[in-house]
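Q: Once you have looked at the hints, place chain Z on chain G.
There are 2 protein chains.
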Amino acid sequence: MASARALRIDFGLAIHGGVGTLTPAALTPELEAEYRAALERSLRAGFGALRSGGSALDATVEAVGVMEDSPLFNAGRGSNFDERGVITMDASIMDGSTGAAGAVAHVATVRSPVRLARLVMDQSPHVLLVGEGAEHFARVHGVKEEDAAYFYTDRRWDALQVAKAEAGARPNVLGDSDGDESVEASPSEAPDPTSRSGTVGAVALDGAGRLAAATSTGGMANKTWGRVGDSPIIGAGTFASHRCAVSCTGWGEHFITNAVAHDVHARMEHADEGLAAAVRGIVFERLHRKVPGSGGLVALDADGNVELSFNTRGMYRGWIGEDGSPNVAIYAE
Amino acid sequence: MASARALRIDFGLAIHGGVGTLTPAALTPELEAEYRAALERSLRAGFGALRSGGSALDATVEAVGVMEDSPLFNAGRGSNFDERGVITMDASIMDGSTGAAGAVAHVATVRSPVRLARLVMDQSPHVLLVGEGAEHFARVHGVKEEDAAYFYTDRRWDALQVAKAEAGARPNVLGDSDGDESVEASPSEAPDPTSRSGTVGAVALDGAGRLAAATSTGGMANKTWGRVGDSPIIGAGTFASHRCAVSCTGWGEHFITNAVAHDVHARMEHADEGLAAAVRGIVFERLHRKVPGSGGLVALDADGNVELSFNTRGMYRGWIGEDGSPNVAIYAE
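For the protein sequence lines, the chains are G and Z, in the order given.
Sequential numbering from 1 applies to the first sequence in this note's numbering.
Sequential numbering from 1 applies to the second sequence in this note's numbering.
With the rest of the complex left out, here is chain G:
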């Protein structure tokens, strides 16, 4: 369980690449270096959007898009397989300055679900499109699609086999997180514990004071056909307003029933809490008390305060401020 030290930026962004039982012993030095490099690329892409006059919304799309395109993270390329051995993905985005949002769930062909979520926000009167209807919408709008081979990685396929073997031994009750202490695998069994779970996300604040949040995921390994977690649910995995922007990662079902992303906003709006208190109240008190090791989130407020908080052993994460220098971390500090 860890919270970053107090951070403040004038403009910039914060990202996450999923939570899990991440300890220095759980990652090889090579894999750790790859993750750090990918997180830095994501931060630089988001910052590049801001520096070239893009909005907070643009920054979240660029940052999340880099992690979707990387096979390291469970989103876009490199997503988890469901119980059928099929990849289905979910994403959402929200513009805090307008209150507009877009989301897609259970899409299998779209290279960048977060870009499709933005298209739903910009080009349809709706917030959420699911399944083949969402893919039809993508084709009508000329969105880049890929075949199943593009999304495939040996690592996630192996994770499915492990998850299936374990599901035979006990009911599969894990969501996006494998932070439940009782099922932590030893490093020798699972060199990267997040290979079975994970979500990516970004929150951004631009020079005009606008906030935005975006989240994307392939869901949990061996998930039930049709299962959708919190990532495409506005108010659960993603929320943005004039007060704050929040993107979550963790055991999706608990993030839905606790409306985690909206609760950060609600604590600030209705209880006049600051960002740090609001995040602490939901991540460390409410969620952790109910479900230890259930996940984490990144959040920004309109004053540029940054929170990267998780009740698991680690979270792939990073932030970048107006100096353009990326900061990344994986383990609890």
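Keep in mind the hints are simulated off the structure, nothing from the lab.
Every value quoted in this text rests on a predicted model; they were computed, and no experiment measured them.
Treat the hints with caution; some may be incorrect.
Put simply, identical chains are the same to the list, so a pair is met inside one copy or across any two.
Claimed, not checked - Below, computed lysine to any residue pairings styled on SDA-like, alpha-carbon distance capped at 25 Å:
#, residue 1, residue 2
1, LYS164, VAL140
2, LYS164, PRO71
3, LYS290, ALA271
4, LYS290, GLU30
5, LYS164, ASP10
6, LYS290, ALA167
7, LYS290, HIS270
8, LYS290, TYR152
9, LYS164, ALA108
10, LYS290, ALA208
11, LYS290, THR98
12, LYS290, ASP122
13, LYS290, GLU269
14, LYS144, ASP154
15, LYS164, SER124
16, LYS164, ARG139
17, LYS144, PRO71
18, LYS290, SER97
19, LYS164, ALA332
20, LYS144, ARG44
21, LYS290, VAL86
22, LYS164, THR98
A: Structure of chain Z alone, referenced to chain G:
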């Protein structure tokens, strides 16, 4: 715009059957009588569950199930058609006493989506299943399915043709509600303005003090293939806790981006507001200011206070307390 007078019950339930530009001139006396009778049947079914020892959760399922089975309401039998002429339905349920929830979205074959949502809650580790995966889950658990003819009604088919004709003249930006004053049809054009929209829902309080909420819908007429509104979204269309139970109906996209159902809870929890103030704050102030005529909700708190509130011209609604006598209403009072 109307709010019921202050009501309090020891145990019982409140229901809604959708909002719209409902005025006495908009319904024939025969149709109005049919609606009133169906609302009473729904209330008696829910009350019967409570009286026979059932939980608040049981009561919401029975009450919503009656409205799903009635061709009058836009849920289950009699649901709206999407742009393809296909019926797809959404539902959700939440148990305030445990915080557990279940939901299904974009299902086409299930007779009672609210019963399937409860099954997801009770028999799966997940909260939300969508599309064919949800239907597969239903078949595995022996849930009653129907063919397309069962769900078909001439009335909704005609509503689709009207919606398609209007969509040719202007962008289709309406959600579950047709409460936007600028597009109100005259009675001669649309004998029942809610034939194009609507959602059904129930909230209940049992003798043990438990709260529950459930919501079910066929979505808007002529909706985009794959569009999902607020009804299956925990925190948007449905929420229940130890404090309150809320079921919403209205322009779904705005209920999602404002996390309406969770916001009622959040105002009570974080701002220490009573139920009436919390409901007023979101329905009449926040929502109505942003989107006039956007919808309404029914809500109960742990003390048995009842709210049936809407910022449209009417809402099919009712409540029943410990005396077992149903009370129903349609128009603003």
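Q: Hints first: check each against the structure and report whether it holds.
A: Hints versus structure:
1. For the homomeric pair LYS164 and VAL140, the shortest alpha-carbon distance between copies (19 Å) is at most 25 Å, but the shortest distance inside one copy (37 Å) is not.
2. In this assembly of identical chains, LYS164 and PRO71 lie within 25 Å of each other by CA distance solely inside one copy; the values are 21 Å within and 43 Å between copies.
3. Taking the closest pair of Cα atoms, LYS290 and ALA271 come within 25 Å of each other both inside a single copy (22 Å) and across two copies (22 Å).
4. Neither within a single protomer nor between protomers do LYS290 and GLU30 lie at most 25 Å apart by alpha-carbon distance, with minima of 35 Å and 51 Å respectively.
5. Neither within a single protomer nor between protomers do LYS164 and ASP10 lie at most 25 Å apart by alpha-carbon distance, with minima of 46 Å and 48 Å respectively.
6. In the homo-oligomer, the alpha carbons of LYS290 and ALA167 lie at most 25 Å apart inside one protomer (23 Å), although the nearest pairing across protomers, at 47 Å, exceeds that limit.
7. Taking the shortest Cα distances, LYS290 and HIS270 sit within 25 Å of each other both inside one copy (23 Å) and across copies (18 Å).
8. With identical chains, the CA atoms of LYS290 and TYR152 are never at most 25 Å apart, being 35 Å at best within one copy and 44 Å at best between copies.
9. When the C-alpha separation of LYS164 and ALA108 is checked against a cutoff of 25 Å, the pair qualifies only within one copy, where the shortest distance is 21 Å, while the shortest distance between copies is 29 Å.
10. When the C-alpha separation of LYS290 and ALA208 is checked against a cutoff of 25 Å, the pair qualifies only between copies, where the shortest distance is 23 Å, while the shortest distance within a copy is 38 Å.
11. For the homomeric pair LYS290 and THR98, the shortest alpha-carbon distance between copies (11 Å) is at most 25 Å, but the shortest distance inside one copy (33 Å) is not.
12. In this homomeric assembly, LYS290 and ASP122 come within 25 Å of each other (Cα to Cα) only across copies, at 19 Å, whereas the closest approach inside a single copy is 37 Å.
13. With identical chains, the CA atoms of LYS290 and GLU269 are at most 25 Å apart both within one copy (24 Å) and between copies (17 Å).
14. Taking the shortest alpha-carbon separations for LYS144 and ASP154, only the intra-copy value of 23 Å comes in at or below 25 Å, while the best inter-copy value is 39 Å.
15. Taking CA atoms no more than 25 Å apart as the test, LYS164 paired with SER124 passes between copies only; the shortest distance there is 16 Å, against 38 Å inside one copy.
16. For the identical chains of this complex, LYS164 and ARG139 are inter-copy neighbours only, at 22 Å across copies versus 33 Å inside a copy, given an alpha-carbon limit of 25 Å.
17. Only within a single protomer do LYS144 and PRO71 lie at most 25 Å apart by alpha-carbon distance; the minimum there is 17 Å, versus 41 Å between protomers.
18. When the C-alpha separation of LYS290 and SER97 is checked against a cutoff of 25 Å, the pair qualifies only between copies, where the shortest distance is 14 Å, while the shortest distance within a copy is 33 Å.
19. In this assembly of identical chains, the alpha carbons of LYS164 and ALA332 never lie at most 25 Å apart, being 29 Å within a copy and 55 Å across copies at closest.
20. Only within a single protomer do LYS144 and ARG44 lie at most 25 Å apart by alpha-carbon distance; the minimum there is 23 Å, versus 53 Å between protomers.
21. Neither within a single protomer nor between protomers do LYS290 and VAL86 lie at most 25 Å apart by alpha-carbon distance, with minima of 31 Å and 41 Å respectively.
22. With identical chains, the CA atoms of LYS164 and THR98 are never at most 25 Å apart, being 43 Å at best within one copy and 29 Å at best between copies.
In terms of the numbered hints stated before, the structure departs from hints 4, 5, 8, 19, 21, 22, listed from lowest to highest.
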